[in-house]
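Undergrad: Whole structure, please, built from the sequences with the hints as guidance.
As they're listed, the protein sequences go chains Y and D. The opening position of the first sequence corresponds to residue 1 in our numbering, with each subsequent residue numbered one higher. The opening position of the second sequence corresponds to residue 1001 in our numbering, with each subsequent residue numbered one higher.
Please keep in mind that the hints were generated in silico from the structure rather than gathered at the bench. Every residue, glycine too, gets a C-beta built ideally from N, C-alpha and C. Hints may be right or wrong, so weigh each one.
So the derived list for chain D, only partly shown, Cβ under 10 Å to chain Y, looks like this [said to hold, decoys possible]:
1) Leu1092
2) Leu1104
3) Gln1139
4) Ala1173
5) Ser1181
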Amino acid sequence: MPVDANPVEARAIDWLIRQRDPDFDDWEGFADWLAENGEHAAVYDALASLDRDLDVLPRGSGAVRIAPAFPPGSPVSRRPSRRAWFGGAMAAALVAVIGVSTLNPFSNGTRIETAAGEHRTVALADGSRIEINGGSVVEIDPDRPRFARLESGEAMFHVVHRDKDPFVVETGDARIVDLGTAFNVVRRARQTSVAVSEGIVLYNPDRDKVRLVAGQAIDAGDDDRRPPAVRSVDLTSIGGWRSGLLVYNDAPLALVAEDLKRTAGIDVRIAPAAASLSFRGALIIDPDRNRTVADLAALSGTMAKRQDNGWILTR
Amino acid sequence: MALYDGSITGTFLKRRGGAARRDMAFQSNQFMTRSIDRADPAQGIEGVLLSNRDRIIRFLQVRGAGESAEDLFQDLWMRLTERATGPIADPLSYAMRAANNLMLDRYRSARQREIRDKAWGETSDGHEPSAEASLISRQQLEQVQAAIAATGERPAHIFRRFRVDGASQRDIAQEMGLSLSTIEADLRKVYAALAALRRQFDAG
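TA: Following this line, the structure appears as structure tokens:
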């Protein structure tokens, strides 16, 4: 779904693109456009300034690996603004294994339940971290420092590597044995999604034998008979809920609504007529909910109306 | 260009009578050549700045300088004449581009101050933006990259070739076997996505 810039922005963009040509010489034409309306210079400046910030984008593949946002044990805020640029060395040769679970009865567990829109980071004794999205339930056990269970919802795991002592994450009937990596797990109704941002994951090595490397993801239904298909995901979008950015590539609107509820506590219902629409694009969770929903509506070609405490998207 | 040629010389003479000698000089190719021969590399760009003074000031004005345009012309003069430059194919374009960059730098410095003041108000992490600090956070840069990726594989690739690798639209069209208009449309699409993202940055 293309995003339309407003006409002034569209013109400013044209100038920006043309001016990147070293032979550009229509400065008079540019001046005429600026003179048309006093607002034009401000729009141009804002875009040209963002454009200049792109100078730091790395050349080559264009894919940037997300370094761990914080060193283990450091205080964590929800919206950090100035992190060290790509700081932190990447852990090398990380391998994780997802296996079929054995039931682990909880004796002494701590249950962490987040309300819709509430994000929480749990630092574990070994330096590993679990970033828990809203509307989720995670269980940890002080007696088992290398274990966590995602009962429902979504969490991003950053696991510190220990050769002889793998970290185990359980969800649904799957077991994720992690040897030091970072990955996001979503547990929806009868479905588990895993996206890997660092390291390597083996999904159900005894049964499905699916290998996931950084930048790959799977969606596995509890009733699936076949191994889940591996798809590519943009590294920068994995666990995007943590920074308030949700990226979709043709996702059903209902799934987007579910994520909005969990991540930001925003209630969005999808009218039956709009249920077949899919969404493609990047959605930013704005402090102003109206704006987030308006963006979703605009980007998905729907209309948003208030309904009860939330919104309904119609065609 | 022709639009301004008549008025420039006239107002120039009125405003800066003292510089009339120089102005005359640049109406004579012979003199200009001699100036350059006298191994004064700044003379070339000085001449262009002088003979296009009104045009450049008008540009600075509409570019947002308002009443400071005259002062900024002096800043531009300093910038361009202090810097040793090699031969310039189109010195006027060069000067106009420099004027444009000057204005963008001013905008960015002002924004930098705003952001810093705001950060201090929030008594944040004690980090201070460095001189050439980016105006967007790493997190925002990640969002930018995600937004670029979300426009689709082809536009994202074209954008990277164009903006990150610095390839020309023509070269990209050639290497991808696509028309120039397709390249341009994809670039517009990515920039439009970035413009939308920027509005959200502002709102946040």
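Undergrad: Hint by hint, say whether it matches the structure.
TA: Right, here's what the structure says about each hint:
{"no.": "1", "hint": "Leu1092", "verdict": "8 Å, holds"}
{"no.": "2", "hint": "Leu1104", "verdict": "5 Å, holds"}
{"no.": "3", "hint": "Gln1139", "verdict": "5 Å, holds"}
{"no.": "4", "hint": "Ala1173", "verdict": "13 Å, violated"}
{"no.": "5", "hint": "Ser1181", "verdict": "13 Å, violated"}
In the structure shown, a violation is registered for the earlier hints numbered 4 and 5, in ascending order.
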